[in-house]
Structures are given as structure tokens and as C-alpha cells.
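Novice: Respectively, the protein sequence lines represent chains S and D.
Heads up, the first sequence is in the working numbering, so the first residue is -6 and it goes up one at a time.
Heads up, the second sequence is in the working numbering, so the first residue is -19 and it goes up one at a time.
It should be emphasised that the hints constitute simulated quantities derived from the structure, not laboratory data.
Incorrect hints may appear among the rest.
For lysine to aspartate or glutamate, the following EDC-like pairs were computed, each having C-alpha atoms within a straight-line distance of at most 20 Å [unchecked claim]:
#1 K55/S with E272/D
#2 K82/D with E(-5)/D
#3 K63/S with E214/D
#4 K(-5)/S with E74/S
#5 K210/D with D191/D
#6 K18/S with D53/S
#7 K5/S with E46/S
#8 K71/D with D(-8)/D
#9 K55/S with E46/D
#10 K57/S with E(-3)/D
#11 K(-5)/S with E(-3)/D
#12 K(-5)/S with D59/S
#13 K55/S with E44/D
#14 K57/S with E46/D
#15 K(-5)/S with E44/D
#16 K210/D with E(-3)/D
#17 K(-5)/S with E46/D
#18 K57/S with E46/S
#19 K57/S with D41/D
#20 K55/S with D140/D
#21 K303/D with D75/S
#22 K55/S with E222/D
#23 K24/D with D12/D
#24 K(-4)/D with D33/S
#25 K55/S with D15/D
#26 K134/D with E116/D
#27 K63/S with D25/S
#28 K334/D with E323/D
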Amino acid sequence: MKAIITVLGRDKPGIIFHVSEILYKVNANIVDLDQTVLEDKFFSMILVADIDEINCDYNDLKDKMDQLGKKINLQIKVQQEDIFNAMYSV
Amino acid sequence: MAYNNNILETIDMIEKENLDIRTLTLGISLLDCIDSNIDRSCDKVYNKLTTVAKNLVPEADRIETEFGIPIVNKRLAVTPISILGSATGEKNYLKFAKVLDKAAEDLNVDFVGGFSAIVPKGFSPGDLNLINSIPESLANTNRVMSSINLGTTKAGINMDAVRLMGDIIKKTAYLTKDNDSIGCTKLVVFCNAVDDNPFMAGAFQGITQPDTTLSVGVSGPGVVQEALKKMQGEPIQDLAEEIKRIAFKITRAGQLIGTRVANRLNVNFGIIDLSLAPTPDIGDSVGRILEEFGLEHTGGPGTTACLAILNDAVKKGGLMAAKSVGGLSGAFIPVSEDEGMIEAASLGHLTIDKLEAMTAVCSVGIDMVAIPGDTEASIISGLIADEAAIGMVNSKTTAVRIIPVYGKHEGDYAEFGGLLGRAPIMRINNSDCKMFINRGGFIPAPVHSFKN
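So here's chain D without its partners, still in its complex pose (with noise of 0.2 Å):
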């Protein structure tokens, strides 16, 4: 047999190296479920919910099975709900949120993501809403996630959202102090937020998308860190060559599942997410592939360097491999979801500066951060700004999912559980900046947004 190698290096990288598919999530508009009584709307979501995603669990794990590949995640993404929520006149939209959460509970999937809102030049009544409900949407459900976006390179930044949102995640940490503020970790602020990203805190089905499409979210961090182990001492353009080796086949097996249970629901195929997705397992870390490159600890100098050439050679990679990519695509560095970052914040190798440096080139943002409990709304507010500035000037998206973990102070730890992993509270600069964040108003896009 011609293919005997390829056949053992996939079952090496199943069973040793966690090859897995991290998400398929099922996007659903429900903009036909917009309804101006708030009860008969949640009905509709429900309805549609059940009806469309039906047979998402049930099919993923069929194909789990047939092709022996791990489908970890099954979600769902869906409409922005402030839309939804403006119709109806209602202040709070918690009664989304839970059905929702119903919806999700139902059918057995892990996520919901869409209790959304996107405001980068301004708020609709139905945006302000939204944005005011998530503490208490979050503390009273279990599979909802949030997102706001508040800036884009087009538009600028939202500022008094940036404001609010410093109250509103301080809140939503209060709200859930009894499971270490565990709402924050649901919960993510964007600027340049994608219409078609899988992976939670932030997947929602954006208006540009169809009635339901299928994206898939790949991983395997642990395959690309083996690959590298063997490659001691050799030039860095040859690792990055292995990587793009790895992630072309690593994609492929996301095209093909993600297409085969596209086909078996009768949605569209939407787009994969080349994404490496970090767990907290050990071998299965962003971490350790930075120091496979030759860092004695994630965090050290050479860190952006190194991740930059990561997120690239994934990228370029992947490209081929897929029909359509979109969401993400590149490295995810959640510090509290990467075995190799924890240890490295732990060890005070990793900090919040150095990750905001780090994300000016890879996929995301200031992620799965835990900080004191007491630190100021403004404080958060004032990160806030500075990554909606990166990703506004670059042209990328970025992100802050961060939690102020209630009554924790640094060198506590935050325990989340499962996916979200553990956290080591983080040391977070404190220099006052509430006169800057307390002017309000907004960003004025970068000169390169006027292409036209």
C-alpha cells in the first residue's frame, strides 16, 4: 500500500498529538424570527432553533465515528439578539438569553454564541439594551455567549462603549463571584468582529451570512509542536514550511467533515476557520510550539516574532486546503485554555503587556485573562481601547475576553473547568487613565479606511 506512512502519521496525530475538530457551529439567522411581542419572538428562536439544528449533534457524531476523527465542540451561532431585541420594545433582554440557553440545552450542543451587539459608530436603543442585559444574561444561563463589537478600520471606535463595556464585564464578574466570575469568560469585546467566526466567545451569524451555513473551527497545536520537536537546530524558513505541511492536512480533514455534515443537514457549507486552538491538555498548547522554535518560556523576547511567523505559515497553509476560509484563521493564545501559557504567566514569564504585543500579529486578542478582582472599570476600559486601536489600525481583528475575577488577587487562581482551563490572576498596570476613557465619544477611523 502507497499510503501506509500517511495512514499511522493520522492515527499518530489522532491519538497522541490531539488532532481534533474543535468546532462545527451551525449559524442560524433569525431574522424571521423578529417579532414585536418579546414572548412570541422567543418562541420563534425556539421553534427555529429546534427545527434547523435538529440533527447537528446526532450527525456530528455519526461522522466522528465513520472517519475516527474527535468532533470536540458542536454550536450554534445566531443573529445579533440587539436585533432582534429592538423590535420589541422591551428594556431587558434576558428572556432571549434563556431561550436560548434552552434551545442550546435541548438539542445537546455547547454553545449558543449571538447574545451580540455591534456598535462601532453608535448605539440603537435595541444596542444599548442588549449591552445592559448581559450580566444578568450571563449569570442566569449557562450556554450563552456574548459578544460587542465597537470598532472597525471603516468606522473607528466606539468610546462610550468602551467605557460601558469596562462597567458592564466588572458587573458581570460581580454577578457570577460565587464560580470565580466565571460569566467573564463568556463575554468578549471585538473591534473588526467577523460575520462568520466559529469559535466562542464571539461566533453570531452576522447579517451578511445566508438563512444557516456550517463552519468548522480545526485544531492541533499538539501535531504542528511534535513536527517542530524533530527539527532541532534548522532554519526558521524550514519550520515554517513544516507548518504549512501540517495545517494543509489538518484543514483537508476539516473540509471533508465539515462538508459531509453540511450535506447530511442540508445547510450550507459556510467556511473553515484555520485556527490553533489551544486546550488546557497537556500537548496541546500555542505555548509550547513558540518554545519549540528555541523560547526558554512562552512571554520571552522573540515571542511576537515567533508567533508571527505561526500565524502566517498556518495561514498560508490552510489557504489552499479549504473551499473558503474566513472567521479567525491563525493562532489563538487564551492564557487560561494553553497548558505552556499558564505556566508562563504563572512563572511571571507571560504578561498582559507582552500579550498585547503578541496580539498585534496573531488571530485574536487579550484572551481568557484573569486580573485582580478589585481592578478599576476605567483600567479595563483603557486595555480595551488600546487592542481596539491595534486591530483598528491593522486591519485585523482583535479582542479582550478578560476576567476580573472577584475577591482574587495576583498570584490566586482562577478555576473555570473544562475547555476555559485555569487562570492564574494576572498583574495588571494600574496607572489611572478615567480622564481619558471619561471624555467618551470616539476614535475617527484610521486615514487608510478611506480606499474609495
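Excised from the complex, chain S in its bound form (with noise of 0.2 Å):
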């Protein structure tokens, strides 16, 4: 199963390392990800982990993510990669 992981916010530095060592720690693997800066300010990422063989609950993985973007002030959302196929494939 794999995970979408959106990151929109203001750009700081060390928002990668902040987000990938929370992947890291709970043995999800990043598969896909695409990151852009607009105008300099804004940070998106689209991210794609496979969480097959995360070591905590799915609902653990949101949190951390959640207590992350709180902390940073960014918006991170973690959302399975199905509702995406279901929406945009017939």
C-alpha cells in the first residue's frame, strides 16, 4: 500500500530532512517525489512512500505528521494512494 504524503507551505530549510527522517523512523520507503519552490516563498512536495512494512499504526504515521506541521507550520497531509485512483481512473 502506498501513502501520499502532500507538504504545502512556506519554505524553510530542512523540511525534507524533517519529513523523510519521520518516514525513515517508522521503515516507510519514499518511492516518488516531486518538490517545487514558487516565486521563491511557496514549498509543495508530492511525496510517495510505500508503508507495506511500517513498524506503527497507520493513524501514528498521520499523527507524527500532523505534530510535524504543526510544528513547522506547513500543512501535511497523509492520504492512501487509492482515493486518487478512484478519482482521477476509471
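Can you join these two chains into the complex? Each is in its own frame, and there are hints to help.
Specialist: Here's what the structure looks like:
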């Protein structure tokens, strides 16, 4: 199963580090990543992680990302990939 | 990544445009809870509901977290209680309403629908007992919803029921007068009610349904409105096409979530109701979509045409996206639950007469409309007869959920709170129709009902 993690907000140093640190600690594997900074200000990242082998509950991973989002003042969403496949493919 | 834009679009829909799953409604048959003793029957009802639906709310919450799409309401729909009541020999069915309310509270579901009777061709004693129990039952419960189906295209319209429901609505308004007659927000009168509607107040588990089914009501007026905003000056067929595309995406989300929850609860997946259901929040209004077509106010000339386009495009987009479509499917126009409609009604652009015309082309009917508390019962019955006639002749569902707010007058407001919203008290035509209503009897089914 894959999770889509989206990170949106004002750019600052260390965003990718913080997000990938959590993923490393829960044993999730990053399989794809796309990141841009718009007008030198707005950070946008979409990351696909394989979460089949994670060592915690899905909700715990989501909580950890929520807490990180609050700490560094960014919107971080974790959603299972199926929802996007369902909405955009027949 | 090929689908970056899709991911960002979905997140925008959820975060900014109020995309949500409006309801997961678990339909549960209570036919195996019939008993000649009302207390035993109530015990069976409580045990069945709390067993079958035990995991509904926890599983819905879990899925909400997994996919990041809010699931706003979790509801139950049960077999029309008049059927259970008939077997008991009792006259008052308040006990059934109370046990439904208690089960809903203990399960933490928002509403339970099915305090209902189906009477297009006449009443059984149980039907009459149920109808007469409605005012007291709705005044003494919080989560119970009641519906009466009094007409169909096949059977015609039961005009005795039309007359009776005018009185019942007035009594319900009186018994809940301390809360702006809120009891009437939980009572709907139908023509051509469907057995698999997941939306309230009209949900019940019809006897055509299996023992348990999970149905989904999707939503997303805000998503449609935002898309149309970007299409200034474009021809109407392109707007219809865009609405279809959005309805497709929204419905696919509903299909996925409904199927997952049904699997985890080990119940049948029923249907998706493709209705655009508004809430009183800004950016979640069907009225505002109609205005995006190019109307100054909902209710003005052009409104019925725009609603017809919207309703049709939503169905067309959703049909291919869902494995099984049912319920009411289209666009709802509940005045007090729709920020755009509240404004249009307050300014006098949206009238009850215009709403009646709009119901000929949309999902349901005169919905969540507040009228002066001193409106006579026969006037309410006249309105019900008109709506039922539109439904009967056009082979579609129509309904009346009207609130004669006790002690309030045209220009005042009724406050219901939450999803039920706030309603301006609207003018109603008080021209006397007592002699028509008091005739009773029935309206024969229309000629096109003879299809065999």
C-alpha cells in the first residue's frame, strides 16, 4: 500500500529532512517525490511512500506528520493512494 | 509523477471547497424484530441495531483518516416502524421512537430514519397509529426522523393522508414550540419515496431491501461552484460538461469509501445517492451554483432552467462512476441548509411558489422551508397536495418538509443550528383550500401509470 504525503506552505530549510526523518524512523520507503518552490516562497511537495512494512499504525504515522506540520507551520496531509486512483481513473 | 495536479486538485476540493462524504447510512431491516408485545419488540430492535451497527462509527472514522476525506454524518435507516407497530396492538408508538433514539445515541450515530409509514392507497391501523404518534415522538427524541409516503405514480395520492399530515405538522410544531418548532425539521412527507434513500429526514430501509445495506450520500456543491466560477461567458453545454466531470470524481470517492466501509462491516454495499447536498457554510451552497450560471439571485427568472441543467449533469456524471446509483440523486434545495438560498429568501427573491416550480426539475421538494406559525393546517395540506401531484404526474420523488414556526411571523428567523441551519420565515399564499382538502378520498393515478 502506498501513502501520498503532500506538504504545502512557506519555504524554509529542513522540510524534506523532517518529513523523511519520520518516514525513515517508521520504516516507510520513499518511492517517488516531486518538489517545487513557487516564487521563491511557497513550498510544495508530493511524496509517495510505500507503507507496507511500517513499524507503527497508519494513524500513528498520520499523527506524527500532523505534529510536525504544526511544529514547522506547514500543511502536511497523509492519504492512501487509492482515493486518487479512484477519482481520476476509470 | 504523472498525477501531481490530480493530487493537488483533490486536496483543494477537500480543504477549500468542502468536498466531503455527506453521509454513510446503514440500512437495517427490523422485520425480524416484530413481536406482539411492544416491549419485547423494542428490546429486539435495540439489540439488533447495537449489534449490526456497532462498528459503523469507528470504521467510518478510520476510513476518514486513511483517505483524508471528511465523512460528515453516520446514520441508520430502519424498516418503517408502522410495520412493527401493527403487530403489537398498541395505539401509541412513542416507545419505538425512544428505543431508536437510545440506540442512535449509544452508537453515536447522528440520526436514525424510519419512524415511517407508507400509505399511498390507504391506511392500515398501524399506519394511522404511527402517524398519530409522530408529534409526541419527535418532541421527545433528538435523533429520530420520520417520513410518510402518501402518493405514488402507480397508486395515486391518498388525500386523507394529505389532510391528516397538515394537522400532524401543526401539532409537531406546537409540541416543539420552545425550539422554533424543530420537530418539523425531522418530518418529511413524500410522493414516490424510494426504499434506498440515505438522506434525512426521508431515509428508511424499504421492504424491498436486504437485511443490511450501506448506502452513501456524496456531496460537493462548493467544488462545482468553484469550477463554474472559472467559466465566465462560456456556453451552457460546456458548463454541463464540467459538472459531469466533477460529479464523476466526487462519486468515485463515494464509491471507494462506501465499498471499504461495507466490506469492513461485512454488510452489502447498497447505492450511491448522487445528490449535491448543501450545508449552511459559505462555499457549500447549491443556490450559489445556480447564481454562477449567470443569475443575480437564486429564485429569479432562469432559476428553474439552471437547476434542471445542474440536476441532469450531476446524474450523468455520477452514473458511470458508481456501481449502483439510487436514492434521490440530483440536487437538493433545502432553504435553511443553504447559505445562498437563505440570502435569496431573506431578500425576497426566492419564494415558495418559485420553489414549487423548482421541485419539478430537482431531487426532492419544498425542503426546510419555514412559514408563519399561524398558517392553517389546510394550507399546509394544500401545499403537500400540489407537491405530491408534481411527483405523481412526473414519475419522480417530491417531498414537503415545512416548518410552521410557532409564534413567528414573516420576516422573522428560525434557528435550528448545525446542519439544519437557520430559516427566514417565508410568505405563504393563504388563499383558502379547506373545502378541497376536507373532501378527502384519493387522487386517481395518472393515465401513464398504466404501463403493463
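Novice: Checking one constraint from the list: CA of K303/D to CA of D75/S, max 20 Å. Satisfied?
Specialist: holds, 17 Å
Novice: Could you grab the alpha-carbon distance between K71/D and D(-8)/D and see if it respects the 20 Å cut-off?
Specialist: Violated - the C-alpha atoms of D(-8)/D and K71/D are around 53 Å apart, more than 20 Å.
Novice: So if I understand the rule, the pair passes when the alpha-carbon distance is 20 Å or less; does K334/D with E323/D pass?
Specialist: holds, 15 Å
Novice: Given the hint that K63/S pairs with D25/S, does the C-alpha gap stay at or below 20 Å?
Specialist: violated, 24 Å
Novice: Straight-line Cα separation of K55/S and D15/D no greater than 20 Å?
Specialist: Answer violated: K55/S to D15/D is near 48 Å, above 20 Å.
Novice: K57/S and E46/S: Cα distance at most 20 Å?
Specialist: holds, 17 Å
Novice: Does the alpha-carbon distance linking K(-5)/S and E74/S stay inside the 20 Å limit?
Specialist: holds, 6 Å
Novice: Going straight from one Cα to the other, do K57/S and E46/D come out at no more than 20 Å?
Specialist: Measuring from Cα to Cα gives roughly 14 Å; hence the hint holds.
Novice: Would the hint linking K(-5)/S and E44/D be met if the CA-CA limit is 20 Å?
Specialist: holds, 16 Å
Novice: Can you confirm whether the C-alpha distance between K134/D and E116/D stays at or below 20 Å?
Specialist: This hinted pair is violated, its Cα atoms lying about 32 Å apart.
Novice: Check whether the Cα positions of K55/S and E46/D lie no farther apart than 20 Å.
Specialist: holds, 9 Å
Novice: Between K55/S and E222/D, is the straight-line Cα distance small enough, at 20 Å or below?
Specialist: violated, 33 Å
Comparing the model with each numbered hint stated earlier shows that hints 1, 2, 3, 5, 7, 8, 10, 11, 20, 22, 24, 25, 26, 27 do not hold.
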